[in-house]
Amino acid sequence: MAQNRKRLIDLFIGNISNSVMHKILEKATEDKELAGRYNKELSTSLEIAKKYREKINPVNASLPDKDIEYIKSRITNKVKNELMQRISKGYENIDLDLVEGLVNDALKDTKVV
Amino acid sequence: MELIAKISKGSKMDQVYIPKNRIGFSAGSYVIIRPLEGKKTVEKPYLYNIKSIEPVKLEIAEEIISIIDKITENENIIITGSFLEKGFNFNDIDVMIISEGKADEEYARKSIEDSIKIKTHIILLDDKALIKGLETDPIYQMMLSRCIAKKRFIYKTKNKINYKLLDLHLLKSKSLIDNFGLLNGEEKYYLTRNMVAISLFLQNKKIDKEKVDKEIIRIFDLRDINDIKQNILDKNNFLKNYKNVYKKTFDMVMESINGPKQEKIN
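Chain order of the listed sequences is A and B. For the record, in the first sequence the residue sitting at position 87 is 96 according to this note's numbering, with numbers rising by one throughout. For the record, in the second sequence the residue sitting at position 9 is 166 according to this note's numbering, with numbers rising by one throughout.
Just chain B, same shape as in the assembly (with noise of 0.2 Å):
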């Protein structure tokens, strides 16, 4: 049972009048007061590159962005990663804060997983920061490629080049060469991934992860992109070719040092 009332001034204390017909809410029984909120419109953020996503998803995308907007002040909130592939085999969720201000990742962590239950990963950065990043990074702007976003964004940057920070991205791929056996096939896909978005980068082509997908299946002349992620390789093949992707990108990094086609930075 619940009653909806308004608080009376009174002389010497103030009061809340209920109805006296009335179910429930016994004269001397104790009662909680506390302040009826009006609900909030909760505007419905924006989809970049997503053709579907399962409702409990978006639930879940709008439910991170009401608790990050209720502890800290920001320009943007994007959520990305894996968790907007379809189904539920994701790790964690991505959830990119755009604020000027200096918010407490870790408390916004908590708060999140402490309602939603799924392991979150926070990154917190200025727009400055955003921006530098889609232009220097690679894996930043196939992340934003497909994202949710609270506020609608438009970023236009070129690409610029920074050696040590793709030959740093790029080191990450080599651990495949030496533990193919090891690595599962989300594993595999995701160095893999890493190298070829490096690659286009270089190229200077503007990345999504369709376009990084669809160069992997042209260059492992795989049927799909499942073929990796399912760990259904032929070992020698895959690895003759990834060898020799690794090499051809790396030495680009390398050139990229004294003699760069785009404007180099660092």
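For reference, chain A alone in the conformation it holds in the complex (with noise of 0.2 Å):
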């Protein structure tokens, strides 16, 4: 059971990273027109974070502080990794800064925290 529990922590974790790494690409891209066509789409992993989120308990609550401060620093890592691997190839106009509160809007929105 636990160690269903942490998988489920882990795709949550996936596709919540995966979700931010996207907005925060979206905002680098000047070409607002054409990043805005597929905002549709932008939801698919949120969607699905959300879809395993609602199997990990307390569902209707927050997570405990213990679970909440891990699977905040493994999404952050996650994301600036990521992002810093794009950086170091030359992509323009990534902020970093905004990793932090995006994470945050995220756990919120899927009442982790």
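Please note that a few of the clues may not be correct.
[Claimed, not checked] Below, computed lysine-lysine pairings styled on DSSO-like, alpha-carbon distance capped at 27 Å:
{"id": "1", "chain 1": "A", "residue 1": "Lys60", "chain 2": "B", "residue 2": "Lys386"}
{"id": "2", "chain 1": "A", "residue 1": "Lys87", "chain 2": "B", "residue 2": "Lys397"}
{"id": "3", "chain 1": "B", "residue 1": "Lys317", "chain 2": "B", "residue 2": "Lys404"}
{"id": "4", "chain 1": "B", "residue 1": "Lys400", "chain 2": "A", "residue 2": "Lys81"}
{"id": "5", "chain 1": "B", "residue 1": "Lys214", "chain 2": "A", "residue 2": "Lys32"}
{"id": "6", "chain 1": "B", "residue 1": "Lys404", "chain 2": "A", "residue 2": "Lys36"}
{"id": "7", "chain 1": "A", "residue 1": "Lys98", "chain 2": "B", "residue 2": "Lys405"}
[Stated by the list, open to error] Take a look, some chain A residues computed to stay more than 12 Å from chain B by CB distance:
{"id": "8", "residue": "Leu20"}
{"id": "9", "residue": "Gly23"}
{"id": "10", "residue": "Ala70"}
{"id": "11", "residue": "Asp74"}
{"id": "12", "residue": "Ile77"}
{"id": "13", "residue": "Tyr79"}
{"id": "14", "residue": "Lys81"}
{"id": "15", "residue": "Lys98"}
{"id": "16", "residue": "Gly99"}
{"id": "17", "residue": "Val108"}
Simulated from the structure, these hints should not be mistaken for lab results. By construction, the Cβ of each residue, glycine as well, lies at the ideal position given by its N, Cα and C atoms.
Reassemble the complex: the two chains are provided individually, in unrelated frames, and hints are given to aid placement.
Okay, here's the thing in structure tokens:
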């Protein structure tokens, strides 16, 4: 059971990270028109993350502090690593300062905090 | 009972004369008078790369074109997406309205949905944006490779690399790696197609749905494309190949930042 919970949390982290990444990359794109056109598809990862969240107890309340810390730091590290990888290749306009705020928003949105 | 009659000019009031010998329309009964509109000749839309389509879908397409024509000025109307696939397993109808003016997308969507009772996704753009989309976006190329259009169109474009846009699109496909067990066959197909289309685009190839499907079959060694759509995949083999293609495609996107083989924008 505990193993299953950990697996669900990992899947949740993977999808939330993907969703936060998407938002940051979308903001790094100057061409708002093209980026905006795919807006309906951007929520895919967030929707999947919500499905996983619904399977992690407690479903209708915040997760225990220990879980919150773990999830938050894993998402933040994952997103920053991915973004740094891009920045190192010369990707322009990525704003790393956005990470923390967007991670917090996503965790609120999914009732983790 | 219907009668066609002409409005005659009177001295104080105009009137409509109808024959005395008739069935129905008794004197004193109330009737509706409305103009007799000549039935407009509906021009047949152009079909691009569609070998066959169910007649009812063609009727729906004509109806959509006719509704949009009534409510907004446009240069062209393009219907595309899963609606054009064989059968009726589509989620919605993708409709592109090419217009230089400002059309009300929401009103157009509602008018169509009220009439045909099918969920519709409207994309409104001008000619310039459409050309830009075709030059920079593999998904656009794929969408427009198979479509129904109100008017004939020819766009000769050259692939241009917009690494940010490609990275943004490619990221969508990453979710398949984490969520293989959760996604259904159609979702897996969509994410795989997205990734393979980006890969082909980066190799400076023109993209259409058939080419992308063939490439998917080749890469993943499938019997046919329905292996994905019907979700009958060997998970380990498929994921191993998928991760490999994803990484290669991501590397190509990153390489294009500094050393593009093709014209780069952004």
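Which hint numbers doesn't this structure obey? 5, 8, 9, 15 and 16
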